[in-house]
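Asker: Chain residues, written in single-letter form:
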Amino acid sequence: MSNVPSNLHYTKDHEWVKVEADGTVTVGITDYAQAALGDVTFIDLPKVGKQLEAADVFGTVESVKAASDLYSPVSGEVIAINSSLNDTPDLVNREPYEKAWMIKIKLKSPAELDKLLDSSSYQSLL
Amino acid sequence: MSAELSRTPLYDLHVELGARMVPFAGWEMPVQYSGIIEEHLAVRHKAGLFDVSHMGEARIRGKDAAAFLDAIMTNEFSSLQPNHARYTIMCYPDGGCVDDLIIYRISKDEFLICLNASNAAKDIAWMNSQVGNWDVKIIDECTHWAQLALQGPFAEKILSCLTHLKLDTLKRFGFLIGDVAGAKDCIVARTGYTGSPGFEIYVPAAQGSAVARAILAKGKPDGLLPIGLGARDSLRLEAGYPLYGHELSEKISPIQAGLSWTVKFTKSQFIGRDSLLRQTEKGVASKVIMYSLNDRRIARPGATVFSGDQAVGEILSGTLSPVLNKPIGTALVGSGSKTDTLTVDIRGTRLPLQITQTPFFK
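In order, the protein sequences belong to chains A and B. The first sequence begins at 1 in our numbering and counts up one residue at a time. The second sequence begins at 1 in our numbering and counts up one residue at a time.
Looking at chain B on its own, in the form it has when it is part of the complex (with noise of 0.2 Å):
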């Protein structure tokens, strides 16, 4: 079994630093190194080190790749300005999720693609089947690229003392390419799916390893602690970003997910584009809701939902928040129901969900 996992160029530094291993994607990843609580509020404070290596990468090369693009994501491509990123959901014809993506610009036929570690091989696969006539390739990276992402309001500081670039220069979105830690051709971007400020940096990865210890020796002093999946959860959660196989799937559109502002219906035609437009327009059958609870029980995903006596939805996930030191998480309910007298059922107890709009941590 374990011999089947993947290990990210990072793996030697994990259980150097005592990280507790697990499976996850087919990867096997540091859940934890000095305990969830503690590493959350460290990126929350100061800052935290995570290795994303597990998470995929393709290339798309063409002078049809913006057009192509379009007319896969249902985020715009072509008005994206080289050196920027956006966010996007990809979709099957039915509004069902392929994968949620964040793709960068790197020159005018030329993107690159993060995806989901469970996802990557289904993603290319997919992207595959879509390139009909036009004049795109789909190269994958997965291999090429270790990934790191430096959070918490440090992050800067940290990460200015080892590279040249600009880094006051970016604004959210943006990206830079250049050297860090004496590895070349680094792409550094100001992205996160923490909600505190940072990094994500794509190093090649030979010098995957070299660079996360450079970042953890330099961010020593201002309490850099590297971070687990457990706490990259945790934090994810507080910043209201939706999780793939959670509050995103092949079952839950992004209209369900409450993410409209990445359907870009002003483009002609995209996959998916008719379901999700009747789904913004006649409305969807259920919908995900963030929640805290006023209690010490986490809910877990799958969890019952009720209203009154009707179960009305699931729990998709849960964790306790850190900074509101109470349970939080989201769950998928009828469309119907009324949110004010919603309860979940933990182990035999019901507790009321005090629903949010705005997530818990901004």
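Isolated chain A, as found in the complex (with noise of 0.2 Å):
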């Protein structure tokens, strides 16, 4: 069974993103993504200042079966991305929801959000 952490939000696509105290947000992949992927190998990110519209490809994972685009859950400049990941790819297997994070991101429009999905309805979809 897929962890779902009911404090996260959800893309149909397998993002997770969490809303940090400063309303920036953090993204990453799902327990479920990382599940389906199998052992992840390399992850291409975008740089430091990028400008992302909602579901724009923001980078790649790669895994030994296959390479994944990324999506962007929501519109905004990518303030920081998790550079630990250039060495330890196999991160996003171990603690996806937590060392594994990928880009963070200053929101354009904090109305977006409301389109995400909650954990329930994710779940729903697995």
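Derived from the structure by calculation, the hints contain no laboratory data. Any given hint could be a false lead.
[Stated by the list, open to error] Straight-line distance between alpha carbons at most 30 Å, and here's what the computed BS3-like set of lysine-lysine pairs gives:
| id | chain 1 | residue 1 | chain 2 | residue 2 |
| --- | --- | --- | --- | --- |
| 1 | B | K46 | B | K157 |
| 2 | B | K326 | A | K99 |
| 3 | B | K326 | A | K47 |
| 4 | B | K326 | A | K104 |
| 5 | A | K12 | A | K108 |
Assembly of the complex is requested from the two constituent chains, each provided in isolation within its own frame, with the hints serving as guidance.
Answerer: Given below as structure tokens:
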């Protein structure tokens, strides 16, 4: 069974979104996604400062089996990337919701958060 | 769709073990259990058990059996001794491959052929079309057998607890017939598709699951794991073994694939001989190379290979080598291209191919 923490928002593309105290958001991929991908070997992330629109491809996650695009859940500016994933991409398999966060985004429009799924809606897709 | 997929005698066992099942060559097969890298390393360092029951089998019987095989295969079978097996290509007249096969000599007039799952029906039809006046019968035994592969440094220790067959007398490509874990008439061959030592075991289909369970139980203390098709592919690529549809095909001949050693031109005639001899003497337009990448990105089949700005080929297979911890694979490139300056395009990034002549794992 996949782990779906109740304090996060989700997309149908299996990204999670955590709203931080300062209003920025942290983005990663879900436990279900990492299990479906299998052993993750490489993650291509954008540069800090990149402007993203919701549903833009912001990077690639690659496993032994296949390469998959990563889609931005929201619009805004990339203000941080998790560079530890360069050397330890398998963190995505081990701790998808904690150490394997991928990017932090400064939201353009906080109202976009309302379009995301809550944990029970996401769970029902799995 | 899924209703059309075949299931092996081990299907229920795969589900019990938590395998992720995928469609492969018309079969519902386990792609992984615990994870491709963990399974791969288990085979390299301990032992692994594969269900390869999707592979097909055909028996060739008759007083012309050896001569018939000599006429339709690139390798030679009249010289093969009973209880020995040999790898071969079966070619079309133009040198393209019908399939690559292992053939076991059961007795003077009887052979068992192991067929690739996706090619089994095509192979049997092709062989039947070549019978002509030869005194041979081709018997489809695809549903008769479950096939298991037990591979890894502990394979012999584990299997020897489950059979009275004298495994220590078996040389590479030798085989014995007898009981394994209570199942009668099993074929146990010292062959494999991983580069690690081990066995391939043909079990009558009805006993396949019981024998697999016995092997898994016996091997557990030694770290034996069930292995899916994902690790089967990364293991064979590290060992430099071709996979039909990738390094060999109707369009890629054994000469292009670097398998000249399987082609016996000393035989006066066999299907494909003239074309393969011409390729050997005049050279081939393109050939299969093995490469690694000094990067984390994996080049996938179909990715374009460049020499400078010129497209000169494409990737045939690609994976991560868990032993080297870097991407490896094969490519088909024009024979004239300089192999020290080849690059591959991965989503817009050009990465240099490090060409190797020898397999990554031996």
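Asker: Would you check the hint for B:K326 and A:K47, treating anything up to 30 Å between C-alpha atoms as holding?
Answerer: holds, 24 Å
Asker: Can the restraint linking B:K46 and B:K157 be considered satisfied, given a maximum Cα separation of 30 Å?
Answerer: Status holds; Cα separation ~11 Å.
Asker: For the pair supplied as a hint, B:K326 and A:K104, is the alpha-carbon distance within the 30 Å limit?
Answerer: Holds, at roughly 29 Å.
Asker: Are the Cα positions of A:K12 and A:K108 separated by 30 Å at most?
Answerer: holds, 21 Å
Asker: Are the Cα atoms of B:K326 and A:K99 separated by 30 Å or less?
Answerer: Holds: B:K326 and A:K99 sit about 23 Å apart, inside 30 Å.
Of the numbered hints given earlier, the model fails none.
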